[in-house]
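What follows is the residue order along each chain.
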Amino acid sequence: MVAENSTPHLHSAVEPKQTFRRALDMAARAAMPSLFIIFSAILLSAPFGIPGQAQLQFGIAMCTVWFWAYSRPRSMPALAVFLCGLVVEIFSFGPPGTVLLSLLVIYGVAHHWRYGLSRLGFIVGWLIFSIFAVLASFFQWALVCLHAVALLSPAPGLFQAALTIGIYPSLTALFVWGRRTFANPDQA
Amino acid sequence: MLSIHARQVLAKAVLPILILLAVGLVLLGLVRRPAVDGVRLMATDFMAPAYHGLVWPQERVKVWLMDLRGATDLAKENARLRDENRALRHWYDVAVALAAENGRLKKSLHWIPETVPQYVTGRVTRDDGGPYSRAVLLDVGSGHDVRIGDVALDAAGLLGRVTEVGPHTVRVLMINDDASRIPVTLGSSHRDAIMAGDDTASPRLIFYPQDHHPVEGERVETRGQSTMPAGLPVGTVHYSAPNRPVVVPDADLDRLDIVRVFDYGDDDSQAPDAPGRVRVKKLPQNPLTGPLPFSWLPNLPDMPGRGGQ
Numbered sequence: 001m002v003a004e005n006s007t008p009h010l011h012s013a014v015e016p017k018q019t020f021r022r023a024l025d026m027a028a029r030a031a032m033p034s035l036f037i038i039f040s041a042i043l044l045s046a047p048f049g050i051p052g053q054a055q056l057q058f059g060i061a062m063c064t065v066w067f068w069a070y071s072r073p074r075s076m077p078a079l080a081v082f083l084c085g086l087v088v089e090i091f092s093f094g095p096p097g098t099v100l101l102s103l104l105v106i107y108g109v110a111h112h113w114r115y116g117l118s119r120l121g122f123i124v125g126w127l128i129f130s131i132f133a134v135l136a137s138f139f140q141w142a143l144v145c146l147h148a149v150a151l152l153s154p155a156p157g158l159f160q161a162a163l164t165i166g167i168y169p170s171l172t173a174l175f176v177w178g179r180r181t182f183a184n185p186d187q188a
Numbered sequence: 001m002l003s004i005h006a007r008q009v010l011a012k013a014v015l016p017i018l019i020l021l022a023v024g025l026v027l028l029g030l031v032r033r034p035a036v037d038g039v040r041l042m043a044t045d046f047m048a049p050a051y052h053g054l055v056w057p058q059e060r061v062k063v064w065l066m067d068l069r070g071a072t073d074l075a076k077e078n079a080r081l082r083d084e085n086r087a088l089r090h091w092y093d094v095a096v097a098l099a100a101e102n103g104r105l106k107k108s109l110h111w112i113p114e115t116v117p118q119y120v121t122g123r124v125t126r127d128d129g130g131p132y133s134r135a136v137l138l139d140v141g142s143g144h145d146v147r148i149g150d151v152a153l154d155a156a157g158l159l160g161r162v163t164e165v166g167p168h169t170v171r172v173l174m175i176n177d178d179a180s181r182i183p184v185t186l187g188s189s190h191r192d193a194i195m196a197g198d199d200t201a202s203p204r205l206i207f208y209p210q211d212h213h214p215v216e217g218e219r220v221e222t223r224g225q226s227t228m229p230a231g232l233p234v235g236t237v238h239y240s241a242p243n244r245p246v247v248v249p250d251a252d253l254d255r256l257d258i259v260r261v262f263d264y265g266d267d268d269s270q271a272p273d274a275p276g277r278v279r280v281k282k283l284p285q286n287p288l289t290g291p292l293p294f295s296w297l298p299n300l301p302d303m304p305g306r307g308g309q
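Residue numbers (UniProt numbering), protein chains in the order written: chain X, 1 to 188; chain R, 1 to 309.
Extracted from the complex, chain X is given alone in its bound form (with noise of 0.2 angstroms):
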C-alpha cells in the first residue's frame, strides 16, 4: 500500500466540482502541518518561562516533518520543508543552520523509505526517528562546540533529543486524526 495513496481514488464523475472556494480548502488543509511547525515556533518563542521552550520548538519541528513526509508527502514537500525551518531558525536562537539541516535530512530519509516505514509498526518507526533525534541534537552541540572553540556539557542535547522522542507519540496520535479530518485535502 501507498501511503501517498490513503484515499481510494474517486472517479472524475462523482468528484465535487471544483469550486475556488474548495481548492481553498484543499490548499489549507495540505498546508496544515507546514502551519504548524511556523505557529508552534513563533508560540513558544515568547517568553512563557516554560522550561525547556527552545527545545520543544526543535522537537515539535522534527516529529512533524517525519510524521508527514513518510505519511503524506503532498502536504509536506521539500521546498515547505526549506520555508518551515528558515521560519524555525529565525524564531530560534541556536547556531544557524542547524535546525533546518536537520529537517531536510530527516525529510529526505523519511520520504525515502516512505513505502518500509508505512509497513513498519509504529514502535520501530519511533525507534528509527529516535536515533536521528539523537544524531541532529549531537550534531547541533557539535556545531555549538566548534563555535566556542570549547567542549561544552553534552546535557542539554541530550535534553532535547529526550524531549523530542518523548513527544512523538502523541504527536503522532494527533497527526494521525488530522490525516483522516481536518488535514485531509480529500476531505475538502
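Simulated from the structure, these hints should not be mistaken for lab results.
Each hint should be verified, as a subset may be incorrect.
What follows is a set of in silico ranges between Cβ atoms, one per label pair, in the way DEER data are often shown [as the list claims (entries may be wrong)]:
#1 P209(R) x P154(X): 30 to 36 angstroms
#2 S108(R) x P154(X): 54 to 60 angstroms
#3 P154(X) x P117(R): 36 to 42 angstroms
#4 P154(X) x D83(R): 43 to 49 angstroms
Pulled a few chain X residues facing chain R out of the computed Cβ check, cut under 7 angstroms [said to hold, decoys possible]:
#5 P47
#6 I90
#7 P95
#8 L104
#9 G108
#10 L152
Positions of the beta carbon are idealized from the N, C-alpha and C atoms, including for glycine.
Fit chain R to the known structure of chain X by using the hints.
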C-alpha cells in the same frame, strides 16, 4: 512546458539543492554569526507587540494567584511585612548616616565626582538562550542609545552585558552563559579573579591568586575595565565542591522581568602610554655648548654636567 523526464530530474534535484543551501547557512553562521543574529533580532523587534499580547494572560493569572495567596493569609503576611519594614527602616537610617559620612569624606579628600551613568529600563521580551546559551531580549523602545558592551542589572545585581543592539530590542548575554567572562574583585581580600559562566545557575571563579583562595560567603564585585565600572554587586562566593568556588548571583537569573541597561561610557578611561612606548627624544650632539635656559638664575652653584660654566 517541461517534459516529464525534466520534471522528474528537477524533483530529484530540489532536496540536494535545499540541503546545500542549509549547509551554506551553517557555514555562514560559523563565519558571520552577527549577520544571522541581526536578522533574528529584526524578527524579534517585529514580533515584540505580539509577544506582549501572548504573555499578557499569563501575567494576569500570576497576579491573580498572588492576590489570592495574599488574601488567604493576610494576618501572617501583615506580620511578616511589619517585621521587614522595621528592619528596612533600620537599614535606611544606617544608609543615610553612611551616605552623609561618605559625602563628608569625599569632600575632604577633594574626590573627583564620578559621571552619572545613563540608563534605559526595559522589559524582558523573551528568553532567547536556546539549549546552549543564556541570553535575554529586552524591549527598550525606540530612540535608545544602548551600545554593545553596556552593562545590564536587575534590582539586585549584575545580570550581563549587551551583545547585540536592534532598533527596539537589545540582546543581553547573561553572566552564566558559557561565553561570558567578567573580571571581578573579591570583597574582603580585594584580589582579582575572573567569573566564567558555564550554563549553570552559578558561574565559576577562575584565575584567582593561588596564595589566596576565595572565602565562602565573600562578596564579589565587578572590577573596573573599559565599559564595566568597578564595584557593581555580583554575588557571593560559595564552594559547590572542594576547590571549586562559584558565585551565587544576587540577580534572579531565572525570573527576569524589568532590567536596566547602563551606559558607563569608555571615552574617559584611556590609559596613558606605557613607559616603554614613550618616544625618546634625541639629544643634540653637544648639549652644553649653548647657553643654558636657567643661566639667568643668580649665583647658580656648580652642578654636575654644567662643565664648570
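So, going through the hints one by one against the coordinates:
1. P209(R) x P154(X): 30 to 36 angstroms: 33 angstroms, holds
2. S108(R) x P154(X): 54 to 60 angstroms: 58 angstroms, holds
3. P154(X) x P117(R): 36 to 42 angstroms: 40 angstroms, holds
4. P154(X) x D83(R): 43 to 49 angstroms: For P154(X) and D83(R) the Cβ distance comes to about 47 angstroms; the hint holds.
5. P47: 4 angstroms, holds
6. I90: 5 angstroms, holds
7. P95: The hint holds - P95(X) has a Cβ within 7 angstroms of chain R, the shortest such distance being about 6 angstroms.
8. L104: 5 angstroms, holds
9. G108: This hint holds: G108(X) lies near chain R, its Cβ roughly 5 angstroms from the closest one there, short of 7 angstroms.
10. L152: L152(X) check passes; min Cβ-Cβ to chain R is 6 angstroms, inside 7 angstroms.
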